[in-house]
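Undergrad: So the chains spell out like this:
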Amino acid sequence: MSETTETQTLPKDLAAEKGLVNVQIDGHWIQVPRGTRMIEACKQAAAEVPHYCYHPKLSSPGNCRMCMVQMGMPPRLAPGQDPEYNNEGYQDIGWMPRPVIACANTVAENMGIRTQGELVEKTREGVMEFLLINHPLDCPICDQAGECTLQEYSVEHGRGTSRFIEDKVKKPKNVDIGPRVNLDDERCVMCSRCVRFMDEVADDAVLGFTERGTHTTLTCHPDRKLDSNYGMNTIDLCPVGALTSKDFRFQMRVWFLKETKSIDVNCATGCNTTIWTRGSQVYRVTPRRNDAVNSEWMPDSHRLSFHKFQGNDRLTDPMVKADGKHEVSAWNQALDASAEALKQFDAAEVAIIASARMTNEELFLTKTLAQVLGTESIATVARDDQADGKLISADRNPNTQGVNLILGTEGSAGRLISIKNGLQDGKIKALVILQEDVFEAAEFTHDDLAGCELIISVAAVANHTAEASDIVLPSSSFAEKRGSMINVTGRLQRLNQALQPPGNAREDWEIIRDLTLKLAGEQNDLFIIEDVLKLLASSVKEFEGITFSKIGDQGLPLIDTGETIPLLEAEKQRINNGEIVG
Amino acid sequence: MADIQYLPGKEPHPREHRLIFKNIDRQGWDTSIATYIADGGYEQLKKAVKMEPGAITDEVKKSGLRGRGGAGFPTGVKWGFIPPNNTKPVYLICNCDESEPGTFKDRYIVHQDPHQLIEGMVISAFAVGSHTAYLYMREEFPAAAETMEAAIEEAREKGFVGKNILGTGFDLEIYVHRGAAAYICGEETGLIESLEGKRPYPRIKPPYFPAALGLYMAPTIVNNVESLCHVKHIIEMGSDAYAKLGVERNTGTRILCVSGDVKKPGYYEVQVGTLTMRELLYDICGGPKDGREFKAVIPGGSSSKILRCDETFKIGRGEDAKDLDFWDIQMDFDTLAACGSMAGSGGVIVLDDSRKMSWVLNNINHFYAHESCGQCTPCREGNGWMKKLSDRIVNGEAAPEDIQTLEDVAYQIDGKTICAFGEASSWPVEAIIAKFRDELTAETSENNQYLSKEQLQREEFLTQ
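Sequences listed follow chains A and B, in order. Our numbering puts the first residue of the first sequence at 1, with every later residue one more than the last. Our numbering puts the first residue of the second sequence at 1001, with every later residue one more than the last.
Watch out, some of these pointers could steer you wrong.
For the chain B half of the interface with chain A, some residues (derived, Cβ under 7 Å), not all of them [as the list claims (entries may be wrong)]:
#1 S1372
#2 Q1375
#3 P1378
#4 R1380
#5 G1382
#6 G1384
#7 K1388
#8 Q1412
#9 K1416
Each pair of labels, with its calculated beta carbon distance range [as the list claims (entries may be wrong)]:
#10 S1445(B) to E125(A): 55 to 61 Å
#11 E1236(B) to K225(A): 56 to 62 Å
#12 Q81(A) to E1011(B): 27 to 33 Å
#13 G1316(B) to D167(A): 43 to 49 Å
#14 R34(A) to S1445(B): 56 to 62 Å
#15 K18(A) to D1325(B): 55 to 61 Å
#16 E1460(B) to K225(A): 36 to 42 Å
#17 D82(A) to A1241(B): 38 to 44 Å
#18 E1460(B) to G582(A): 55 to 61 Å
#19 D1171(B) to M73(A): 40 to 46 Å
Simulated coverage check for chain A against chain B, where a stretch passes if three residues somewhere in it have a Cβ under 8 Å from a Cβ of chain B [stated by the list, open to error]:
#20 65–79
#21 128–134
#22 139–148
#23 164–171
Worth flagging that the hints you see were computed from the coordinates, not collected in a lab. Glycine residues also receive a C-beta, built at the ideal position from the N, C-alpha and C atoms.
Start from the sequences and build out the full structure, keeping to the hints where you can.
TA: So, in structure tokens, the structure goes:
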């Protein structure tokens, strides 16, 4: 009879096969990839660790000391000693008497982490007390109030009262460090996120600290300003109210704002955004994390572009020109007038100038409109400029890829020229202009349009094209509609409606739909934007099976354009170098 | 060494054993290389470059040399931490940022005996495979910086520094880098950041252990001036003979810098651990000033925990446990650690009964509040607060509860910071409060306001 010893497979071996390690977090064992930071492992175990300085997209200096946890490891073995395993197959954990930072330390096999317990709680309470002793506690007038981690962690981990009765350290307040960013040094917790961002991501290391000890002061390099086009990202990064937006300063308490997830429409990158609104107004736009598009950042120029839709020049009612003067009209009359006027022309005499700023749904309906009109003269206006090597694409149109797929207007610049020539020759006598100012963007002159007998324009903001138009149909800004666009890499993304269009203005897709129906004399079967996408999905093969919920908040790759986003490439490099978590 | 004559009044005490300080205050001594060579200088370098570099490291390991900068970490072991498959350049840094209050030994070496340090550095660089060495000189030693630079040039002319040292093919450049007067630059990773041209913010460990990821992210060995000088003597004596100096695990000699309330303050190079506190303070330093009594001693620089002269310590565990009277403490790393303090940088600060502990505490707090680099929260905010608290104690404006607050603040710093500064600044406070609580409390008054009535009510409500 032979004796067989059954070798039990230990958890460590099971994990190792998959490149994982076993970590005990607050008593529960989980498996995470080798090399995972402790703070990320805790997050996976739903044991969120409070932190100020740590940010997955930036290097980890470990300076705030808020993320300290208790760590334990199996006992160190004497030479020749075999490890002992308990019933579950783990080694017993010997807990360290001193806390460690969770942000920069990585996990190891059989490691234990406690995010609770007296040691950890006392440590957090101590750090919170220290952070608050010299803090001005001016929350009532601080823009960060309501989204301030100092406030949040005070509630969760603070003492609730202060033992500090000395004079607080005085530091500079209301410091003008740049055209768009304001600094309050007394509120600063010296986490250095802004310093690291400007150095590591924005490549413009203008921020740094001066003085030392409790007098440490964040400042801008002498003779320099925080004037990078990425400078406002430091405002989002700042966990407290030290860096605030000059644009948003004192405008609104953040808890009154409604958040709408959307995308930026100022270039082909399509940075993911959150639009913050109250009532009929956008108060700010901030970047939203999407690791396939914009990481967590966006350029200042794009962030602030929402203002151009908040002026007094918004179009709020349809207008029909009578005796050379625009008269406010009802929608039905304006649409009827438009259809009647267009019917007066032969198909070859009508041209459509659409826009690569339109959503896929709008473009699809525009294509239908062209079919109803029978015209093949349909063009969009190119917008090319310098790329910035980070997030701003050379293509300043947000949906060129959508135009290519839906209108199939590769080489639309050529078509625009033939429309221009047609106008000059008198072959084209009627124009439908959608979301473009042909004078500004397409460099048309009044002479070009001199022979044009009918101009119908769909526009959100008063401009020269609208002024020259016979009929003006008021439409929506990016924040006032739903729809989808395809970015430079071929990713399909979703715009969401944060606001209602002002006055009697309507969403663009409705306007184009209604005009098409009037021309065709058909019954409507497109009631909501989903109906349009459904139709698009059944017509254009790349869109097959696509719905808004499938696009989701993070979008999805639709086509492969072979293009990359430089900032993301730089980020990948830093992840590979182990500099950041990513 | 009987033939060595010292300047009048500077003669070593008979109990001293001078290796490192052999040439300090020596009659007819100067900093020139001729003088050094005439005294047998650079012979150990000649000997060392004929050895295998690994053999030198082994010698240093066997000698038991422990770092003289403060932490007392074995020097040879530190050298062994350079990753074996390293392909990056290795840097050697001599830490001459001597700034621990109460410490004044390295300054004599760099001012009076520069070639001893250079010889020690070249041997050490040869051992660790470094071709670039930096001498980080504190800002307050401008003359020493010039002395060292001149000495390096002399050594270069003689072929001890530079290309192809002594015809061996070994190259080494030594650069003197001057600091800008910051205590934190003595912390090795802070020093490295400073050397890289940045603010001396200490780095987190892990991952930035200098031996693997140091200067310019390359392996870097940072050693104290005195430690590097010892290397020369280890080569000269052989590790076995060197290890016979001192006591077990605490070998060699070390320089004790005695300051404060003794008759004869000064520097004394002694064999580690062969001297008790009594012998040091009475026999060598001449006892207390007339009419005074010793009260307390800070044994290893201002950051070490204070010891009361009437204390008795429990040493050892289990059956080996014994009581040790303050006066019988041996001045070595392990004994002082067992007494809850540390040998640190060798700066022995003596206080007699004329000293108010509140003033001592406040003086230390002012230093650390001023020197905190401000990078991490507990140190940055805690030290400023401790200073403000002890200011009120000294000024008679504190309430008895403030002592407890001060102690709490110290423990909120201790063990929570990026570098050892947190311990350096909180240990003295913890120790002074623990050992002199009554004296401190006597300086407070119930009439002083601790917290406002509202704050007290809130505290009470929250602790219910």
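Undergrad: For each hint, tell me whether it holds in the structure or not.
TA: Going down the list of hints, with the structure as the test:
no. : hint                            : in the structure
1   : S1372                           : holds (4 Å)
2   : Q1375                           : holds (5 Å)
3   : P1378                           : holds (6 Å)
4   : R1380                           : holds (6 Å)
5   : G1382                           : holds (6 Å)
6   : G1384                           : holds (3 Å)
7   : K1388                           : holds (4 Å)
8   : Q1412                           : holds (3 Å)
9   : K1416                           : holds (6 Å)
10  : S1445(B) to E125(A): 55 to 61 Å : violated (29 Å)
11  : E1236(B) to K225(A): 56 to 62 Å : holds (60 Å)
12  : Q81(A) to E1011(B): 27 to 33 Å  : violated (55 Å)
13  : G1316(B) to D167(A): 43 to 49 Å : holds (48 Å)
14  : R34(A) to S1445(B): 56 to 62 Å  : holds (59 Å)
15  : K18(A) to D1325(B): 55 to 61 Å  : holds (60 Å)
16  : E1460(B) to K225(A): 36 to 42 Å : violated (50 Å)
17  : D82(A) to A1241(B): 38 to 44 Å  : holds (41 Å)
18  : E1460(B) to G582(A): 55 to 61 Å : violated (48 Å)
19  : D1171(B) to M73(A): 40 to 46 Å  : holds (42 Å)
20  : 65–79                           : holds (count 3)
21  : 128–134                         : holds (count 5)
22  : 139–148                         : violated (count 0)
23  : 164–171                         : holds (count 5)
When each numbered hint is compared with the structure, violations occur for hints 10, 12, 16, 18, 22.
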